[in-house]
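Q: Sequences listed follow chains A and B, in order.
In this text, residue positions in the first sequence follow the numbering used here: the first is 29, and each later residue adds one.
In this text, residue positions in the second sequence follow the numbering used here: the first is 29, and each later residue adds one.
Heads up, a few of these hints could be off.
Said to hold, decoys possible - Computed Cβ-Cβ distance ranges for the label pairs, DEER-style:
#1 Arg175/A with Glu242/B: 37 to 47 Å
#2 Gly262/B with Gly76/A: 55 to 65 Å
#3 Thr152/A with Arg81/B: 50 to 60 Å
#4 Gly76/B with Lys99/A: 27 to 37 Å
#5 Asn86/A with Lys169/B: 40 to 50 Å
#6 Lys99/A with Lys180/B: 49 to 59 Å
#7 Asn35/B with Lys103/A: 39 to 49 Å
#8 Tyr107/B with Asn86/A: 17 to 27 Å
What the hints assert, rightly or not - Cut-off 35 Å, straight-line C-alpha distance, at most; resulting in silico cross-link-like pairs (DSBU-like, lysine-lysine):
#9 Lys103/B with Lys80/A
#10 Lys235/A with Lys169/A
#11 Lys99/A with Lys183/A
#12 Lys183/B with Lys99/B
#13 Lys235/B with Lys186/A
#14 Lys36/B with Lys186/B
#15 Lys99/A with Lys253/A
#16 Lys80/B with Lys253/B
#17 Lys253/A with Lys103/A
#18 Lys80/B with Lys183/B
#19 Lys36/B with Lys103/A
#20 Lys235/B with Lys99/B
#21 Lys36/A with Lys99/A
#22 Lys186/A with Lys180/B
#23 Lys180/A with Lys253/A
#24 Lys183/A with Lys80/A
#25 Lys103/B with Lys36/A
#26 Lys103/A with Lys80/B
#27 Lys180/B with Lys169/B
#28 Lys80/B with Lys186/B
#29 Lys253/B with Lys99/B
#30 Lys99/A with Lys80/B
#31 Lys235/A with Lys186/A
#32 Lys36/A with Lys80/A
#33 Lys235/B with Lys183/B
#34 Lys253/A with Lys183/A
#35 Lys103/A with Lys180/A
#36 Lys186/B with Lys235/A
#37 Lys80/A with Lys253/B
#38 Lys80/B with Lys253/A
#39 Lys36/A with Lys186/A
#40 Lys235/B with Lys253/B
Simulated from the structure, these hints should not be mistaken for laboratory data.
Backbone N, C-alpha and C fix where the C-beta goes; we use that ideal spot for every residue, glycine too.
Number of protein chains: 2
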Amino acid sequence: MEANDNNKIFSRRFYLLPGECNSEQEMPLWLLANRIIEIATLHANSLGIGYKRLSRDNRAWVLSRMAIEMKRYPKVGEYYSLSTWIESFNRHFSERNIEIADEQGNPIGYARTIWSVIDSTERTSCDISALGTMADSISEKECPIERQSRIKDIKRLKEYRYTFRYSDIDFNRHVNTLRYICVILNMFPLEFYDSHFIGRFEITFMKETYIDTEVSVWLDDSDPKDCKAEITDGTTPLCRARLIFTTR
Amino acid sequence: MEANDNNKIFSRRFYLLPGECNSEQEMPLWLLANRIIEIATLHANSLGIGYKRLSRDNRAWVLSRMAIEMKRYPKVGEYYSLSTWIESFNRHFSERNIEIADEQGNPIGYARTIWSVIDSTERTSCDISALGTMADSISEKECPIERQSRIKDIKRLKEYRYTFRYSDIDFNRHVNTLRYICVILNMFPLEFYDSHFIGRFEITFMKETYIDTEVSVWLDDSDPKDCKAEITDGTTPLCRARLIFTTR
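Same shape as in the complex, but just chain A (with noise of 0.2 Å):
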């Protein structure tokens, strides 16, 4: 764990153990996400805005959009590290980004993402530029991935039917982010892993939802390359994603 910059830009090594890999024998979308909140939540506690300190006030923070870019991922028994920086914030939102570096410290992806800060209990947005440390903690550093698109027009042309239970709940008894990611990434087959990989991907969380829910996985592949994807309790769009695909 390092930090520099005055504590703009936070750091941590990681190695990518065997049991965490996916079939590809690499590093999984879902297993990057989970670094991702990882270091954020690192981050923010180290500039004391993190979940203790918030959660006096029954405040929390909550991410809404994600987009990762990747030239590769880190290979099983590979050392790779995350950094991560703000690089603004306003009454409602924070971008924070993150640079994913191999054993070299040589860039191999970069992320973007979107956090708001909410009333856990009244479920309500809070005003982030009250938080006192954020203003000094701004990086000037550059996250050379575009920013997330919005994704609409999503044709519905297949359908897989899903119920969360109890591993899939997260600590706020909500869907945990992570497992909305993996049934999305399951609606292709294994096979389609092997000869591509997920170059981009872009998810917006728009609504939470419980245990016990039974929903519908959509997906449009119309362009096999380009696809959107989307997860409704009933007519209600629960989130979005769009995947990307290099071909290996």
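We have chain A; now place chain B onto it with these hints.
A: What follows is chain B alone, placed relative to chain A:
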């Protein structure tokens, strides 16, 4: 990361992130199992008998059985540590134990694990005693929980059908150990976990299975505090588990 007693006991400290917690804001059993596999892997690496060394000869460690006993689980925002050591080994199996400790280093639980080494191509068992450093690595540290019982006479009282998909598959293209644990835990309602925690958990892995396999998850809750579970593919048992619950 630290090793002592001539590298016979290997320890690592962790922080329980909010995003990793279950609905009771504690460490989920599947994350504990993940950490147990992680520390076993790292210790084996440090002894020169880890994944990379074995894979050069097409060999791999396989977890065969695991018994976990917890007085309590780490809570959100808590630091905790795992320490592991080898208790014994013979040609076929290695007994590796784990102590789980709280922030102050006080033990809050233990695990006993049984590992074998297989030839990844032939899927046959290899001679563990041929691994050079094993004999020098036995620790006398005590593990005060009972060895695993033989899980038998399971009454098939409740059934849940589940089909394993892409995100359930590991780097050997089999169903991931942790996903077996999740589907078994999903047999109990959320409310039950609010009033009980898993005081002791035992699992025996019997046969590997593959993507798109539809399995039956059977629950025997004739004693609601001492349940048994079995996952079967048709008539073939894949794994068996026992869950002893403690009232909160």
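Q: State for each hint whether it applies.
A: Hints versus structure:
1. Arg175/A with Glu242/B: 37 to 47 Å: Roughly 41 Å apart at Cβ, these two residues keep to the hinted range, so it holds.
2. Gly262/B with Gly76/A: 55 to 65 Å: holds (56 Å)
3. Thr152/A with Arg81/B: 50 to 60 Å: For Arg81/B against Thr152/A, whose Cβ atoms are near 55 Å apart, the range 50 to 60 Å holds.
4. Gly76/B with Lys99/A: 27 to 37 Å: For Lys99/A against Gly76/B, whose Cβ atoms are near 32 Å apart, the range 27 to 37 Å holds.
5. Asn86/A with Lys169/B: 40 to 50 Å: Between Asn86/A and Lys169/B, where Cβ atoms are some 43 Å apart, the hint holds.
6. Lys99/A with Lys180/B: 49 to 59 Å: Because 51 Å falls inside the window, the suggested range holds.
7. Asn35/B with Lys103/A: 39 to 49 Å: violated (27 Å)
8. Tyr107/B with Asn86/A: 17 to 27 Å: holds (24 Å)
9. Lys103/B with Lys80/A: It holds: about 12 Å lies between the C-alpha atoms, which stays within 35 Å.
10. Lys235/A with Lys169/A: Given that 35 Å is the threshold and the Cα spacing comes to 31 Å, the pair holds.
11. Lys99/A with Lys183/A: Holds, at about 28 Å.
12. Lys183/B with Lys99/B: Cα-Cα ~28 Å, so holds.
13. Lys235/B with Lys186/A: Within the cut-off at roughly 32 Å; holds.
14. Lys36/B with Lys186/B: Violated, at about 44 Å.
15. Lys99/A with Lys253/A: Holds. Lys99/A to Lys253/A sits at ~15 Å (cutoff 35 Å).
16. Lys80/B with Lys253/B: violated (42 Å)
17. Lys253/A with Lys103/A: Judged against 35 Å, a Cα distance of about 23 Å means the pair holds.
18. Lys80/B with Lys183/B: Roughly 42 Å separates the two Cα atoms, so the pair is violated.
19. Lys36/B with Lys103/A: holds (28 Å)
20. Lys235/B with Lys99/B: holds (31 Å)
21. Lys36/A with Lys99/A: Status holds; Cα separation ~25 Å.
22. Lys186/A with Lys180/B: violated (42 Å)
23. Lys180/A with Lys253/A: holds (17 Å)
24. Lys183/A with Lys80/A: violated (42 Å)
25. Lys103/B with Lys36/A: holds (28 Å)
26. Lys103/A with Lys80/B: Holds - the C-alpha atoms of Lys80/B and Lys103/A are around 12 Å apart, at most 35 Å.
27. Lys180/B with Lys169/B: holds (30 Å)
28. Lys80/B with Lys186/B: violated (42 Å)
29. Lys253/B with Lys99/B: holds (15 Å)
30. Lys99/A with Lys80/B: Answer holds: Lys99/A to Lys80/B is near 24 Å, not above 35 Å.
31. Lys235/A with Lys186/A: holds (22 Å)
32. Lys36/A with Lys80/A: Answer holds: Lys36/A to Lys80/A is near 20 Å, not above 35 Å.
33. Lys235/B with Lys183/B: holds (20 Å)
34. Lys253/A with Lys183/A: holds (15 Å)
35. Lys103/A with Lys180/A: Roughly 33 Å between the alpha carbons, so the hint for Lys103/A and Lys180/A holds.
36. Lys186/B with Lys235/A: holds (32 Å)
37. Lys80/A with Lys253/B: Given pair Lys80/A, Lys253/B holds - Cα atoms ~34 Å apart, limit 35 Å.
38. Lys80/B with Lys253/A: holds (34 Å)
39. Lys36/A with Lys186/A: Between Lys36/A and Lys186/A the Cα gap is close to 44 Å, so the pair fails against 35 Å, i.e. violated.
40. Lys235/B with Lys253/B: holds (27 Å)
Violation of the numbered hints given earlier is confined to hints 7, 14, 16, 18, 22, 24, 28 and 39; the remaining hints are satisfied by the structure.
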